[in-house]
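S.K.: Could you build the full structure based on these sequences and the hints that come with them?
Residue numbers (this note's numbering), protein chains in the order written: chain A, 1 to 486; chain B, 1 to 214.
What the hints contain is simulated information worked out from the structure, not anything from laboratory work.
Even glycine gets a Cβ: it sits at the ideal position worked out from N, Cα and C.
Keep in mind that a hint or two might mislead.
Not the full set, but computed from the structure, chain A residues with beta-carbon under 8 Å of chain B [as the list claims (entries may be wrong)]:
#, residue
1, Val97
2, Arg104
3, Met139
4, Val146
5, Val169
6, Leu175
Looking from chain A toward chain B, a few residues come up when the C-beta cut is under 7 Å (computed) [said to hold, decoys possible]:
#, residue
7, Arg35
8, Asp129
9, Phe131
10, Leu135
11, Ile145
12, Val149
13, Ser160
14, Leu164
15, Ala168
16, Leu172
17, Leu179
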Amino acid sequence: MYSLLPLLSLVVPSFIGFLCLFTYPFRFLESFFRRIEKVALLFATCLTLLIVMTMVPYVLSGEALETPVFSLKVDLTNIAGAVGIVLIFLLVSIFNVEAEKGGRLKPSMYSFFVLLFLVCMLGLLFSYDIFGIFLFVEMTVGVSIVLVVHNPSKLSPEASFKYLIITAVSALFVLLGVLTIFILTKNSHISSIVDNSELFRENPRLVMLIVACFIVGLGADIGLVPFHGWVPDILPGSPPTINGFFTAEPIAFILTLHKLIYPFYVVYPSQTIILLLLGIGLICIVFGVLSAFPQKDFMRMFAYCTIEEFGHMILPFGLFTSFGFTAGQFYLVNSSLMKAGLVLCLGSVLITTETSDMNSLGGLIGKMKNTAWSYIVCAFSITGVPPLSGFYAKWILYTAIYNFLYPHVGIMLSLSILMLLICMSIVSLVILIRSFQQIFLGQPTEGLNNLKGIPWAMWLPTLILALITILLGIQPNILFSLIKQP
Amino acid sequence: MELIILASLIVSTFFTALGALSHTSKRAIVFLALQAASIGFVELVYCLLELITGLHMEALISFLAAFVEWFTSAAVSPLIIYWGVIKTEDVSEKPLIHNRKVVISIVVLPVLWLTLGYWFSNILPERLNVLPFVALMLLLSSIPIVYRKDPLKILVGLNMAENSLYPLIAESPISLVPFMLGLMVFVNLVGIFVVMEAYRDYGTTLVSKWRLNG
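M.R.: Quick look at the structure:
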């Protein structure tokens with residue numbers, strides 16, 4: 001169905017972003033904008049959420065909303081991701097009201113880049129044009145680097161430069177894949193891959209080359225092992241608010257990766273593609289958990305836990321089954337929401353105590369009760385403790401993996417892989433509980449006794465995320481109804 | 001592949017290798033400009049010839065697009081990095097590994113490329129016959145990215161890598177050219193902004209000293 005709503009969801013934040021930018025050269029507007037910048041960001045994300053929610057009834061009735069001129073499409077394969085992304089942006093914008101204390105960028109520039117980041121995420125999700133996807137990938141690279149370097153700390157330039165190099169090189173791989181497809185098919189719509197299936201079927205090694213380009217290119221942007229080098233530096237180097245916005249990134253990138261690779265799998269259903277994605281997923285999980293365990297800095301610990309989550313997210317999409325896609329989307333959205341909850345809680349701790357060293361923290365539950373409860377609920381959910389939404393997400397994820405593996409590799413290997421995944425989740429739970437104990441329980445260390453409580457804008461989003469996980473745990477169909485196989 | 005295209009690719013590969021070996025940032029920028037100028041030159045001449053012989057609107061648009069693309073990679077991007085050098089410092093440094101090893105790499109890479117190229121020639125369609133050259137230039141551009149400590153030289157390597165895709169980018173739709181160039185300039189500006197902020201914080205542009213001074 002022809003609709004301008006997908007385009008509108010990109011235009012609205014862009015327009016408000018440019019309005020914010022408009023104040024940049026005018027000094028007399030700057031002081032005025034300082035007073036309204038946070039409200040402007042909140043308003044823009046609210047409005048975008050409203051537009052995305054307007055699309056939901058149409059999509060639920062089975063319609064696909066398309067803006068063909070810009071190759072934008074919203075249907076049941078991406079609406080859950082879109083809702084997840086905008087919800088994260090809205091909640092982090094609430095957190096931003098008290099958490100953002102200024103940095104290297106002027107407020108107008110900061111708001112502009114945050115809104116541009118939201119546009120990039122939605123653009124990646126909605127675009128079905130391979131060049132459009134590349135442009136959004138490249139724009140995400142530039143915008144996210146600017147947002148990281150906004151942090152006035154000395155860690156941020158080094159972290160952002162590392163991020164720039166890894167992601168800019170990876171964007172070249174995406175471009176190489178995109179150009180190869182375009183030169184061969186003379187068409188930039190994703191459907192051209194299936195339309196020219198004969199061309200690709202004749203060249204299976206070329207198919208593998210393009211798929212490898214996309215996995216390397218988008219894998220580095222997501223932070224998959226072995227392209228994860230920037231992840232442990234970026235989290236401690238970015239402002240806590242920006243870390244919150246970044247939790248929406250995997251939703252867009254992983255769904256885009258699937259969107260780009262799936263047509264090739266349809267054309268040339270190679271086991272190598274499956275093995276590649278499953279292998280990367282398993283390596284991410286094991287590497288992430290083992291690296292997170294010895295960390296003393298909670299941001300670095302969380303960074304490695306994030307890598308572990310990327311592994312879980314990529315696994316079901318690598319199966320290329322309809323149930324795998326459903327399980328993957330559910331897991332992706334739920335895990336991103338929970339990661340947002342955790343990172344905002346940790347951000348609150350960092351802003352309040354000005355340290356991320358877990359050994360020098362303790363007893364914060366008295367001062368930050370809501371944050372502490374939200375943290376433990378989100379930690380339980382992300383590691384799959386019942387009856388939270390994470391349990392349901394892990395359950396369908398394991399079911400999808402077992403259903404796929406059992407006919408191919410037999411019961412022993414399937415069970416072994418499942419046992420490995422369950423063990424890794426248990427270790428992950430131990431890591432997060434230990435961090436909770438070190439940060440929030442015990443006696444407060446010297447200097448933490450005089451801390452004041454945190455403002456409502458910082459604990460409210462985390463509490464909402466904790467409530468969402470409980471709600472989705474009791475009623476997972478709310479999210480399930482928004483998901484369908486491609 | 002036409003002889004003139006082959007010649008331009010060989011020349012630009014040569015400049016890529018020289019850029020990878022440069023000691024100073026300024027010299028690396030000069031080689032970046034030369035690489036970009038040589039790689040886009042043939043496409044530009046083709047568009048100019050088409051404009052002269054055809055004299056129609058479409059040819060004019062193609063020529064303008066090719067010119068802007070060529071000018072951005074050969075002049076605007078190098079100037080942005082040069083601006084970064086002026087604002088910080090022109091570091092003269094040897095690569096992280098010994099020069100001899102870099103030279104060996106530069107000899108070994110083309111040999112590997114020839115082997116790969118032979119394999120590629122069997123699988124690549126006619127329309128993608130520049131891909132082995134693109135791969136070789138990408139590999140050569142990765143040398144400064146991997147072995148250099150000066151972020152400005154790393155940025156030069158990144159731009160060289162992006163330029164190496166030019167023979168393929170030239171095939172992309174004209175309507176996308178402004179966006180792609182805009183993003184290329186934007187990423188360069190962001191890179192220079194980060195380097196300048198780092199220089200202000202750490203007092204040096206050398207990446208290896210950032211952590212020590214941090």
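S.K.: Next step is simple, just say for each hint if it's right about the structure.
M.R.: Each hint, compared with the structure:
1. Val97: violated, 26 Å
2. Arg104: holds, 6 Å
3. Met139: With a minimum Cβ separation of about 6 Å from chain B (threshold 8 Å), the hint on A:Met139 holds.
4. Val146: holds, 6 Å
5. Val169: holds, 7 Å
6. Leu175: This hint holds: A:Leu175 lies near chain B, its Cβ roughly 6 Å from the closest one there, short of 8 Å.
7. Arg35: Check failed: Cβ of A:Arg35 comes no nearer than 27 Å to chain B, outside 7 Å.
8. Asp129: violated, 9 Å
9. Phe131: At 5 Å from the nearest chain B Cβ, A:Phe131 passes the 7 Å test, so the hint holds.
10. Leu135: holds, 5 Å
11. Ile145: Result: holds, 5 Å to nearest chain B Cβ.
12. Val149: Holds. Min distance 5 Å.
13. Ser160: Interface hint status for A:Ser160: holds (5 Å vs cutoff 7 Å).
14. Leu164: The hint holds - A:Leu164 has a Cβ within 7 Å of chain B, the shortest such distance being about 6 Å.
15. Ala168: holds, 6 Å
16. Leu172: holds, 6 Å
17. Leu179: This interface hint holds because 4 Å falls under the 7 Å limit.
Consistency note: the structure conflicts with the earlier hints numbered 1, 7, 8.
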